[in-house]
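J.: Listed below are the residues making up each chain.
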Amino acid sequence: MDFLNFLQQLINGLSLGSVYALIAIGYTMVYGIIKLINFAHGDIYMVGAFIGFYSVTLLKLSFIPTLILAMAGSAVLGVIIEKVAYKPLRNSPRITLLITAIGISLLLENGFRFIFGPNPKPFPEVLPAKIIYLGPIRIGLIQIIMFTVSMVLVLALQFIVYKTKVGKAMRAASFDTETAQLMGINTNNTISFTFALGSALAGAAGVLVGIAYPRIDPYMGIMPGLKAFVAAVLGGIGVIPGALAGGLMMGTLETFTKAYISTKLSDAIAFSILIIVLIIRPAGLLGKKTNEKV
Amino acid sequence: MGGIKKGLNKKSIITALILILVYIILYYMIKTRVINPYKSQILIIIGINIILAASLNLILGFTGQLTLGHAGFMSIGGYTAAMMTLKFHLPFAAALLAGGLFAALISYLFGLPILRLKGDYLAISTLGFGEIIRVIIVNLDFIGGPRGLAGIPKKTTFTWVYVITVLTVIIIYNLIKSTYGRAMISVREDEIASEAMGINTTKYKIIAFVIGGFFAGIAGGLYAHLIMFLDPKTFGFLKSMDILIYVVFGGMGSISGSILSASILTYLPEVLRSFSDLRMIIYSILIIVLMLFRPEGLMGSKELSLNTFRKLSNTGSLKRGGKK
Chain R
1 MDFLNFLQQL
11 INGLSLGSVY
21 ALIAIGYTMV
31 YGIIKLINFA
41 HGDIYMVGAF
51 IGFYSVTLLK
61 LSFIPTLILA
71 MAGSAVLGVI
81 IEKVAYKPLR
91 NSPRITLLIT
101 AIGISLLLEN
111 GFRFIFGPNP
121 KPFPEVLPAK
131 IIYLGPIRIG
141 LIQIIMFTVS
151 MVLVLALQFI
161 VYKTKVGKAM
171 RAASFDTETA
181 QLMGINTNNT
191 ISFTFALGSA
201 LAGAAGVLVG
211 IAYPRIDPYM
221 GIMPGLKAFV
231 AAVLGGIGVI
241 PGALAGGLMM
251 GTLETFTKAY
261 ISTKLSDAIA
271 FSILIIVLII
281 RPAGLLGKKT
291 NEKV
Chain Y
295 MGGIKKGLNK
305 KSIITALILI
315 LVYIILYYMI
325 KTRVINPYKS
335 QILIIIGINI
345 ILAASLNLIL
355 GFTGQLTLGH
365 AGFMSIGGYT
375 AAMMTLKFHL
385 PFAAALLAGG
395 LFAALISYLF
405 GLPILRLKGD
415 YLAISTLGFG
425 EIIRVIIVNL
435 DFIGGPRGLA
445 GIPKKTTFTW
455 VYVITVLTVI
465 IIYNLIKSTY
475 GRAMISVRED
485 EIASEAMGIN
495 TTKYKIIAFV
505 IGGFFAGIAG
515 GLYAHLIMFL
525 DPKTFGFLKS
535 MDILIYVVFG
545 GMGSISGSIL
555 SASILTYLPE
565 VLRSFSDLRM
575 IIYSILIIVL
585 MLFRPEGLMG
595 SKELSLNTFR
605 KLSNTGSLKR
615 GGKK
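Chains R and Y are the protein sequences, given in the same order. Note that our numbering numbers the first sequence so that position 231 is 231, with each residue one more than the last. Numbering-wise, our numbering comes out as the position in the second sequence, counting from 1, plus 294.
Derived by calculation from the structure, the hints in this document are not laboratory data. There may be inaccurate statements among the hints.
Simulated coverage check for chain Y against chain R, where a stretch passes if three residues somewhere in it have a Cβ under 8 Å from a Cβ of chain R [what the hints assert, rightly or not]:
(1) 385-398
(2) 402-416
(3) 430-444
(4) 571-580
Since we're looking at a predicted model, the values are computed, not measured. Don't be surprised by glycine CBs; every beta carbon is placed ideally from N, CA and C.
Whenever a hint applies, use it, and build me the whole structure from the sequences.
T.: Here it is in structure tokens:
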């Protein structure tokens, strides 16, 4: 029984973690290329959920078109934010960029609150709330879809980053932006593309979470955003597989602490583990230690 | 304190006179209700925010350590001071001091292992620290837990806040001008180089962290005895962000910039209150626009002082260099 419970929690944790991973990858890609902690990323996830909500309620779309629309909408938003708010500050101190990102985050939260009201909206049922029994273990169909969609998207991303020309440009730009520019890579377009990809993944995560925990509100992005960021750092910020591992770890850790230790303390434990990991491995689990230049 | 010069020179006497004059004017304006109670409350909150901004500026602007958990220290100080007056009936000054010292102790214990981390890793750990403090407070029942701590007597007055704000600014300003301050600035400029020059970088980072934590704790105590109620939700991530925005907006490494921006950014949302729902939208757009057009903050790393005014009046019509 204990072991079964353990498996059950593991499954819950992995499906939650896959969503964290989707958001964390966006953080990590943006960080890798312009060294910005994009605090507005959690809010792009919120926007994705809202786009999903309205494409289901107003446009009466089914799951896959909703997902695609939310991803496209989030990607466009991500690129606009990058062009308007981050691009002019490319040569400024990084902290300025950080404050601008916080400003964007506040703007999205309060703008959406102003337009759509502060109350949570129930997300309509897009997928049947079926439960599959694997022996004594219960798995929600939504959980399976959450995990599968996330993994498919991560694999697609991996393909884009490692097998295509634009992916090569992204890797080059994140390795050394100036040199990449000298080699004839249009770094501005590459950075925009990175934002588009990251934001699309966050938008997808927003729709998935909207379906799984059927309510959305303008502030829903803050906590998952923070946790996904922690996940990205945990895995070693700037490393895509690290973000995936970190996200899955955060998800399972959270469900396990909720199940076995304390519901109320779960956030504190997650952050404590982060601090301990960082003290032992200051560059994150999969991060490379960089030598400082003098 | 290394930086306080022996004997008073002319400049500090003038500064002291101006400060006393400002105090007397403000005090009588509050007493005669020229400044109504609502506005005097805002004035007090501005003072508290100046303490917070100046203390974070010491860590971030002068020592160059990005921390995102400053509200955590504020809440430690606030809760400690409130408990001191509620349970032990200590006088207000002692309660404030206890709050500040406890916040300083926690920042020492936390800073010791964590300040080895650099840049964004330090930022995320301090962010985590702030969240941990908040969750712990929510789970401690004897200080009210999620319901918050109510029934704190109102002891924070304009005089208290004014005196403590002035003291904080003077202490931090003198600290920066001392050898300690120069060591801290060298850590900000280049950690490796300053280490090579024989500066114990960890020591100075921790000193900045502890002093910053101390003053944040004092500010928390003042806040607790002003609002008379402590809600753990107040001290979340967003509060830390607010303080961070004061510092960057005013200019990192400029104490007068922190004073200016904490005043403007505390007052601004109150002015915008007539726009009700649009208030926070306007606030966030203003932050973005100002960052885009003045990335170094209002003051950059310059200080506003008597000399600035003297220079301005001397140069008269001469303007600063135009755009290139």
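J.: Tell me, in ascending order, the numbers of any earlier hints that this structure violates.
T.: Structure breaks hint 1 only.
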